[in-house]
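**Q** Chains as they are written, first to last, in this note's numbering: chain S, 1 to 336; chain F, 1 to 787.
Keep in mind that the hints were calculated from the coordinates and are not lab data. One thing to keep in mind: the hints can contain errors.
Cross-link-like lysine to any residue pairs, in silico, SDA-like; alpha carbons within 20 Å at most [said to hold, decoys possible]: (1) Lys-190(F) x Ile-445(F); (2) Lys-747(F) x Ala-719(F); (3) Lys-195(F) x Glu-392(F); (4) Lys-272(S) x Glu-392(F); (5) Lys-101(S) x Arg-505(F); (6) Lys-101(S) x Lys-228(F); (7) Lys-724(F) x Arg-701(F); (8) Lys-178(S) x Lys-486(F); (9) Lys-307(F) x Leu-380(F); (10) Lys-370(F) x Glu-386(F); (11) Lys-214(S) x Asn-476(F); (12) Lys-101(S) x Ile-605(F); (13) Lys-726(F) x Leu-679(F); (14) Lys-161(S) x Asn-530(F); (15) Lys-228(F) x Glu-386(F); (16) Lys-215(S) x Lys-560(F); (17) Lys-560(F) x Arg-323(S); (18) Lys-214(S) x Ala-542(F); (19) Lys-161(S) x Lys-486(F); (20) Lys-205(F) x Asp-269(F); (21) Lys-428(F) x Thr-408(F); (22) Lys-190(S) x Ser-517(F); (23) Lys-41(S) x Gly-31(S); (24) Lys-456(F) x His-146(S); (25) Lys-519(F) x Ala-664(F); (26) Lys-161(S) x Asn-411(F).
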Amino acid sequence: MIDNIIKNAKQDIANSLNFKNLDDVRVAYLGKKGSLTVLLKSLKDIAQEKRPEFGQKVNKAKLEIEQLILSKKDELEAIELEKSLIRDKIDVTLPGRNVEKGSIHPISKTILSIENIFTKIGFEVTFGPEIEDDFHNFEALNIPKHHPARAMHDTFYFDAKTVLRTHTSPVQIRTLEKVKPPVRIISPGKVYRCDSDITHTPMFHQIEGLIVDKKVSFAQLKGLLIDFLRVYFEIEGLQVRFRPSYFPFTEPSAEVDIECVICKGKGCRVCKNTGWLEVLGCGTVHPNVLSAVNIDNKNFAGVAFGMGVERLAMLKYRVNDLRLFFENDIRFLEQF
Amino acid sequence: MKISSKWLREWINPEVSDKQLAEKLTMSGIEVDGIQSNPFVLKNVVVGKIIACEKHPNADKLNICEVDVGEVDNLQIICGAFNARANIKVAVAKIGAKLPNNIKIKKSKIREIYSSGMLCSEEELGISKLNEGIIEIDINANLGDDITKYLDLYDNIFELDITPNRGDCFSVWGLSREIAAIYNLDFNIKEQSYKSNLKNDFPVKILNNKACPKYLTRVIKNVDNRVKTPDWIVRKLNKSAQATNSAVVDIINYVLLETGQPMHVFDIDKISENIEVRMANVGEKIALLNSQEVTLKENTLVIADSKNPIAIAGVMGGMESATQSYSKNILIESAFFATESIAGIARSYGLHTESSIRFERGVDFNLTRKALERATNLILDICEGEATEVAEFVAVENLPKLEPIKITFNNIFNIIGFPLDKKWIEDKIKLLGFNIVDKDNDYLIIIAPSFRFDIKIEADVVEELLRLYGYDLIPNQTLNANLSLKPTEQSSISNLDLSQTLVNRGYREIITYSFISSKYNSLLSPENKNVEILNPISQDMAIMRNSLWPGLLQTIQLNKRRGNINCRFFEIGLCFDGTDVDQQIYKIAGAITGRRYINHWANDIRDVDFFDIKADLESILSLSEKEFRFEKVQDQVLQNGQSANIIKNDKIIGKLGLLSPVLAKKLAVEKVFLFEVLLSEVNKSNIPSYNNFSLFQASQRDIALVIDEDIEFSRIITAIKDLKQKYLIDVFVFDVYSGQNIELDKKSIALSLKYQSNTKTLSDNDINKNITQIISRLQKLFKVELR
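Produce the complete structure using the sequences and hints provided.
**A** Written out as structure tokens, the structure reads:
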């Protein structure tokens with residue numbers, strides 16, 4: 001009889017499809033009027049000596065059924081969870097909410113990357129005013145009035161003595177007026193020349209570099225700038241050439257060309273078929289410049305360099321029109 | 001400067017290709033910008049012989065030529081050249097030839113008669129600008145041969161970009177001397193001279209011998225200036241991109257290119273009495289050769305006769321006294337003008353001449369006579385005439401001084417960073433034309449040649465040495481690490497920190513011009529003091545900005561025009577209150593317009609509003625000390641009721657708001673919200689200092705108040721904070737409401753107040769007392785009602 005109950009209970013539990021069915025099964029067997037409960041109640045009608053054995057049997061059956069119900073419950077819960085997970089599923093490929101994606105201007109990006117390169121070896125970043133006086137922009141840089149080099153600097157004037165700086169070199173003077181050597185600075189910023197066509201904008205950016213120290217030589221300057229260009233363009237073994245040039249504030253002076261990064265030196269439109277691109281000017285600081293700021297040029301020497309940021313940005317990011325930088329069309333800006 | 005390779009090689013001929021020569025020059029500091037091949041490749045242009053030449057029946061000036069080009073059939077070619085005649089050999093462009101001026105030769109019919117080709121002039125073949133008649137070729141030339149065999153066709157033109165210190169290289173002579181030094185070649189030239197017994201008694205007065213330390217003249221009488229300039233001169237001038245003129249002028253220009261000495265010729269019959277070299281008088285005028293009339297300034301050295309200026313010294317001659325083809329008697333001037341007196345002068349009159357570019361850089365003062373002699377000989381050869389002796393004025397004391405320069409081997413080593421051999425140095429010094437006047441184990445004392453009076457100090461000589469050594473051979477060394485730490489501030493906020501904060505909120509950085517149009521300026525910066533550029537590129541770029549808003553708005557407008565409607569831009573840059581250093585101030589500004597969020601499946605679609613830009617601004621303010629307040633303001637640029645000043649320590653440091661609708665319309669933009677703050681006020685914070693936080697429970701109480709519509713939230717907060725309640729740790733507004741159930745002109749504000757003690761858990765009683773205090777104060781100040 002007990003065996004029959006267990007057998008039926010097993011059957012009923014297995015057939016339970018949900019918690020309600022299962023609970024009905026529990027009530028049917030273990031509830032107040034459940035078949036096992038009823039059986040247990042009939043214990044008093046059983047012969048005394050058979051009671052322990054019978055009692056044990058019923059209790060064992062009760063435990064077994066309870067156990068079965070519990071495990072069925074786990075099973076149903078697992079099924080239920082599974083169902084709810086299916087209900088909560090989403091399309092994970094839909095885009096996330098409110099992605100705010102702005103951008104840093106490519107010129108700022110270029111300046112930052114160059115600052116990062118130089119600050120690693122002890123250069124400090126300094127700034128100077130953009131409206132300059134004649135002394136800092138020309139005179140102190142060994143460009144006296146009527147110097148033919150002034151003709152190359154198409155200058156914007158406010159009055160005879162006040163100009164928009166034509167290069168970042170005045171920062172050399174402003175720094176040396178304030179700071180005692182050794183000095184290692186770079187100074188990025190806007191510069192202005194009265195010139196506007198496809199390849200010239202009246203405002204552009206330069207980065208000036210200056211080292212004044214006891215022992216600093218042209219050969220060191222050459223090594224430094226070659227390293228810099230290779231690091232900046234991320235091209236190991238980039239071909240770099242130095243050629244003599246002229247700047248009033250450096251002597252000896254050099255212009256620095258790199259192998260055209262567009263055609264790898266084979267010759268193309270960008271390098272005018274020469275295979276070379278001019279990217280830097282540099283040299284040993286002219287003694288007149290050091291004496292203009294009262295630096296003892298017997299004990300200290302200086303080397304300086306200057307570069308055009310737009311040109312470096314154009315070459316690195318393959319921008320083919322200078323004017324794009326100052327139009328600020330979103331479709332241009334968003335690419336950086 | 002453009003110079004033909006052939007011409008150069010007549011003077012010095014290193015055994016290298018033009019390309020190699022150009023490369024070497026560039027690497028030695030004489031930059032060759034380009035090599036232009038001359039002419040274009042010619043095909044189907046051959047040697048032909050005119051067999052017969054008859055008049056065209058239907059045209060007076062045309063001939064019908066029968067031309068043998070070495071083929072089975074002779075060609076019939078119509079030709080209008082005056083020198084077309086039988087039995088000469090000529091350049092024949094056959095059918096199919098393409099000439100440099102883009103003419104394609106086809107079979108054609110000229111006045112009813114067929115023509116199968118063209119007989120060519122030098123201009124038509126792109127050799128020179130000579131176009132008087134067809135080219136006549138050596139009578140022994142082979143019929144049908146490629147014409148290029150017989151003509152001075154193949155030549156390369158070097159385009160040189162000469163630096164301001166190398167005036168000496170502005171000539172064939174100077175370049176040749178340089179090439180000789182680079183390649184270590186012998187370079188000797190025979191200098192010419194002309195002896196005359198005729199006295200030169202034309203009166204010349206040098207009134208300013210500082211500006212004009214040397215002035216030579218020579219008169220040549222009875223020249224025939226109507227003669228044709230010889231082809232070889234015309235070709236050379238053309239290759240150097242010089243126009244041709246009358247014979248005498250062509251010769252002077254030719255000698256200029258050859259020697260580098262600018263000279264000037266006057267028609268002596270047009271000079272009144274004498275020549276004076278003096279500074280211009282104020283208001284004097286001169287009509288120049290280029291037909292420009294200029295009013296002279298006092299700083300300008302002029303050549304004048306007894307009445308008027310007849311030339312701007314070293315720049316350009318005047319029209320009045322210029323030689324014409326009919327001129328008979330001429331005066332040639334060959335002078336040395338001090339660079340300081342010429343530099344900048346040409347530019348100040350908007351001029352840039354072959355003469356001024358040389359004098360500005362400096363012309364060898366020993367060249368004055370040599371060039372004059374050369375020109376004399378050429379003029380006498382070509383135009384005949386009788387030359388007088390040279391009248392020479394020299395103020396030796398005012399000529400450039402060639403001072404001895406001491407160069408120390410040790411200094412050279414220090415400057416360049418690697419050793420150069422002493423003997424090598426000495427050799428190169430000599431090769432460059434320097435004179436060694438003294439020497440020792442450690443040094444040389446040298447004097448520069450007169451054509452290099454730009455060389456004044458040791459460093460100048462070092463560059464010369466390095467040039468010849470080859471910059472590419474300089475070893476690449478590393479810097480010495482002489483490093484020390486400089487003070488830095490952890491509390492400073494970099495531009496990148498600020499930029500990145502805005503970038504993370506969807507802003508794009510822009511860079512706009514620092515100069516703006518007066519329209520934008522007067523609309524957007526009505527209080528700007530107008531820092532104006534004297535010589536702007538255009539009126540749109542004439543005034544220095546004192547706000548970044550004009551650039552931002554222009555950018556928004558440009559993007560709108562191009563269909564980019566939703567914009568979030570910022571810029572960091574200098575703004576200008578004046579021209580002094582401390583009037584140049586960095587600002588950071590932003591502008592937003594269009595939709596708040598991009599179209600998105602999960603977003604509400606709405607336009608940006610004041611509190612969007614305020615949040616963006618607050619995100620950068622929150623990087624620094626937090627003592628910022630906002631105060632409503634009436635502003636000409638911003639819309640009333642949606643504009644505020646940003647205040648820190650009772651100082652206005654910026655503003656934000658909605659662009660006034662009137663301006664938005666004028667500037668063709670939609671609703672734009674803007675902010676701008678002084679960079680110096682937002683780029684410093686404090687080093688954080690830790691405060692213990694309470695371990696006791698905090699209690700929060702919410703109150704809803706009904707108050708007059710125009711009482712600002714900030715006043716309520718201030719009133720609460722002024723009570724300085726000990727346990728009040730936070731107040732925030734969680735609802736602002738007006739409309740249904742609220743009286744007109746009133747609004748409901750719901751506040752959340754948070755209390756906490758460091759030492760105990762606060763009782764209801766404690767908190768209620770505080771709340772009551774706040775409510776009664778607000779009732780007293782603002783007549784609030786509890787809701």
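**Q** Does each hint fit the structure? Answer for all of them.
**A** Verification of the supplied hints:
Straight-line distance between C-alpha atoms of Lys-190(F) and Ile-445(F) comes to about 29 Å, which puts the hinted pair past the 20 Å bound. A distance of roughly 18 Å separates the Cα atoms of Lys-747(F) and Ala-719(F); the hinted pair therefore holds under the 20 Å criterion. Restraint check for Lys-195(F) and Glu-392(F): the C-alpha separation of about 14 Å stays at or below 20 Å, so the hint holds. Of the pairs offered as hints, the one joining Lys-272(S) and Glu-392(F) is violated, with about 48 Å between alpha carbons and a cut-off of 20 Å exceeded.
A threshold of 20 Å between alpha carbons decides the hint, and for Lys-101(S) with Arg-505(F) the separation of about 7 Å falls inside it, so the pair holds. A threshold of 20 Å between alpha carbons decides the hint, and for Lys-101(S) with Lys-228(F) the separation of about 73 Å lies outside it, so the pair is violated. Only pairs whose Cα atoms come within 20 Å are accepted, and Lys-724(F) paired with Arg-701(F) is accepted, the gap being roughly 17 Å. Distance check on the hinted pair: Lys-178(S) and Lys-486(F) sit about 14 Å apart at the alpha-carbon level, within 20 Å; holds.
Annotation: proposed proximity of Lys-307(F) to Leu-380(F) is violated, straight-line Cα distance about 30 Å (limit 20 Å). A distance of roughly 19 Å separates the Cα atoms of Lys-370(F) and Glu-386(F); the hinted pair therefore holds under the 20 Å criterion. Of the supplied pair hints, the one linking Lys-214(S) and Asn-476(F) holds, its CA atoms being roughly 19 Å apart against a limit of 20 Å. A distance of roughly 18 Å separates the Cα atoms of Lys-101(S) and Ile-605(F); the hinted pair therefore holds under the 20 Å criterion.
Using a Cα cut-off of 20 Å, the hinted pair Lys-726(F) and Leu-679(F) is violated, with the two alpha carbons roughly 35 Å apart. Of the supplied pair hints, the one linking Lys-161(S) and Asn-530(F) holds, its CA atoms being roughly 18 Å apart against a limit of 20 Å. A distance of roughly 19 Å separates the Cα atoms of Lys-228(F) and Glu-386(F); the hinted pair therefore holds under the 20 Å criterion. Proposed proximity of Lys-215(S) and Lys-560(F) is contradicted: the alpha carbons are some 56 Å apart, above 20 Å.
A C-alpha spacing of about 18 Å is found between Lys-560(F) and Arg-323(S), which places the hinted pair at or below 20 Å, so the restraint holds. Between Lys-214(S) and Ala-542(F), the direct Cα distance comes to roughly 45 Å. Violation of the 20 Å bound is thereby established for this hinted pair. Straight-line distance between C-alpha atoms of Lys-161(S) and Lys-486(F) comes to about 35 Å, which puts the hinted pair past the 20 Å bound. For a cut-off of 20 Å, the pair hint linking Lys-205(F) to Asp-269(F) stands: about 18 Å separates their Cα positions.
Using a Cα cut-off of 20 Å, the hinted pair Lys-428(F) and Thr-408(F) holds, with the two alpha carbons roughly 15 Å apart. Straight-line distance between C-alpha atoms of Lys-190(S) and Ser-517(F) comes to about 19 Å, which keeps the hinted pair within the 20 Å bound. Between Lys-41(S) and Gly-31(S) the CA atoms are separated by roughly 12 Å; this keeps the pair inside 20 Å, and the hint holds. In summary, the hint linking Lys-456(F) to His-146(S) is supported, as the alpha carbons are separated by about 18 Å, within the 20 Å threshold.
Between Lys-519(F) and Ala-664(F), the direct Cα distance comes to roughly 14 Å. Compliance with the 20 Å bound is thereby established for this hinted pair. Using a Cα cut-off of 20 Å, the hinted pair Lys-161(S) and Asn-411(F) is violated, with the two alpha carbons roughly 36 Å apart.
When held up to the earlier numbered hints, the structure conflicts with 1, 4, 6, 9, 13, 16, 18, 19, 26 and fits the remainder.
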